[in-house]
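For chain A, the structure is supplied; the task is to place chain B on it using the hints.
Okay, here's what each chain looks like letter by letter:
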Amino acid sequence: MENILEIKGVQKKYNNFELKNCNIKLPKGMILGLIGENGAGKTTTIKAILNLISIDQGEVCLFGHSLQENEKNCKEEIGVVLDDHFLSPYLTPTDIHKTMEHIYKNWDQTLYFQYLEKFQLPKTQPIKEYSSGMKMKLKIAVALSHHPKLLILDEPTSGLDPIARNEILDIFQDFIQNEEHAIFVSSHITSDLEHIADYITFIHQGEIVFTKTRDDLLDKYGIVKCLEKDFKKIVKQDYIKYRKNRYGYEILIADKKQFKKKYDIQVIDKPTIEEIMVLYVKGEK
Amino acid sequence: MDIIISNSSNIPIYEQIKEQIKNKIITNELKYQEQLPSIRKLAKDLRISVITTKNAYDELEREGYVETIPGKGIYVSGKNRELIREEQLQKIEGLLDTAVSIAKISQVTKKELQNILNILYEEE
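Going down the list, the sequences are from chains A and B.
Residue numbering for the first sequence follows my numbering, starting at 1 and increasing by one per position.
Residue numbering for the second sequence follows my numbering, starting at 286 and increasing by one per position.
What the hints contain is simulated information worked out from the structure, not anything from laboratory work.
Predicted model only: the values in this text are computed from it and were never measured.
We put the CB at the ideal spot given by N, CA and C, even for glycine.
Hints are supplied without guarantee of correctness; some may be wrong.
Some but not every residue of chain A turned toward chain B, in silico, with C-beta under 10 Å [what the hints assert, rightly or not]:
| no. | residue |
| --- | --- |
| 1 | 163 |
| 2 | 164 |
| 3 | 166 |
| 4 | 169 |
| 5 | 170 |
| 6 | 177 |
| 7 | 194 |
| 8 | 195 |
| 9 | 196 |
| 10 | 198 |
| 11 | 210 |
| 12 | 213 |
| 13 | 219 |
Counterexamples of contact, computed for chain B against chain A with all Cβ distances above 10 Å [what the hints assert, rightly or not]:
| no. | residue |
| --- | --- |
| 14 | 311 |
| 15 | 316 |
| 16 | 356 |
| 17 | 368 |
Here chain A stands alone, though its shape is the one from the complex:
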């Protein structure tokens, strides 16, 4: 399968933060969710992909070409949703259309107004009167209206209610019906990604901890719950991290089946991505 996006050994050092040797591949037709706590490096990674910051080392390839080689054409093919929308709050969606048609070669007026209708966004109302959910849907409509192949979104669902989040996931799955498309989405609301993301990449303190398919993560990983006497029997290489609380142990393991064969421990829960994330960050080894 061809990669629509490939990040190779990207490094960026700031005074108080460092993105270390970042490697991510996103094949065509797939959704990749970048997860991590606030300040883990999600936005820095996205900025590096878009060449909004100069990286110290490494390379970003989009559609098989180095971004620096052909930045302008590359960006025509990308739809971007960042935290800030960089639009004046006094503009209306119609005003935005007038700006965008001069920015993107492939800007599709008809498509844009179709999206506005579909997302029920009033055309002549200034953005400042929009709710957060409406603003996000408008940003996505703008991002989709120049026929991009790749959508890059930074925290598109944060601050939204469950209904609006659900609608946005629908938009994603519609977009991905075309197998030439792909989505790179960062979020700390992991339950959104748990269902629809094909790959989950976990970043922690500027470092990629893992990239796994959703199925591997949720079907194979497990959380063992046991008492101290059982925990002492478990060999170190058989678990990833553990956490001790007043009543017992929670242990993150990478392969439920293997573990069950080796140990006689009854309680192994199916983890959520959130639990995996917390155990990785807060757990000990």
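Quick look at chain B alone, frame taken from chain A:
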């Protein structure tokens, strides 16, 4: 086509899909040469990832229940009707075997066992 997925179940989602489609093929609810929804369509309808649906279809194909016709779609395969029956028979034999061993341990006679089977079969 109805498929019901439980997110809290311990059975992986791809397996839930696989088993349900398989059952529909065995019971002839999905007929020979009937087209199945595309991987992407099914993923969207069930609100799950593309890879998960792909895994389910891949396994169904490996077991001979469906076949992919490139550029056209995924269809219920017909050549394995006999094999499916064979597989089901084996499954039945295995379960009856368990029943017989329990019967022997607890001194249930062959006649009693046959009676139970008759009653159960008629109930259906």
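Each hint tested on the structure:
| no. | hint | in the structure |
| --- | --- | --- |
| 1 | 163 | 14 Å, violated |
| 2 | 164 | 16 Å, violated |
| 3 | 166 | 9 Å, holds |
| 4 | 169 | 7 Å, holds |
| 5 | 170 | 8 Å, holds |
| 6 | 177 | 5 Å, holds |
| 7 | 194 | 8 Å, holds |
| 8 | 195 | 6 Å, holds |
| 9 | 196 | 6 Å, holds |
| 10 | 198 | 4 Å, holds |
| 11 | 210 | 16 Å, violated |
| 12 | 213 | 5 Å, holds |
| 13 | 219 | 4 Å, holds |
| 14 | 311 | 24 Å, holds |
| 15 | 316 | 26 Å, holds |
| 16 | 356 | 12 Å, holds |
| 17 | 368 | 27 Å, holds |
The structure shown violates the earlier hints numbered 1, 2, 11.
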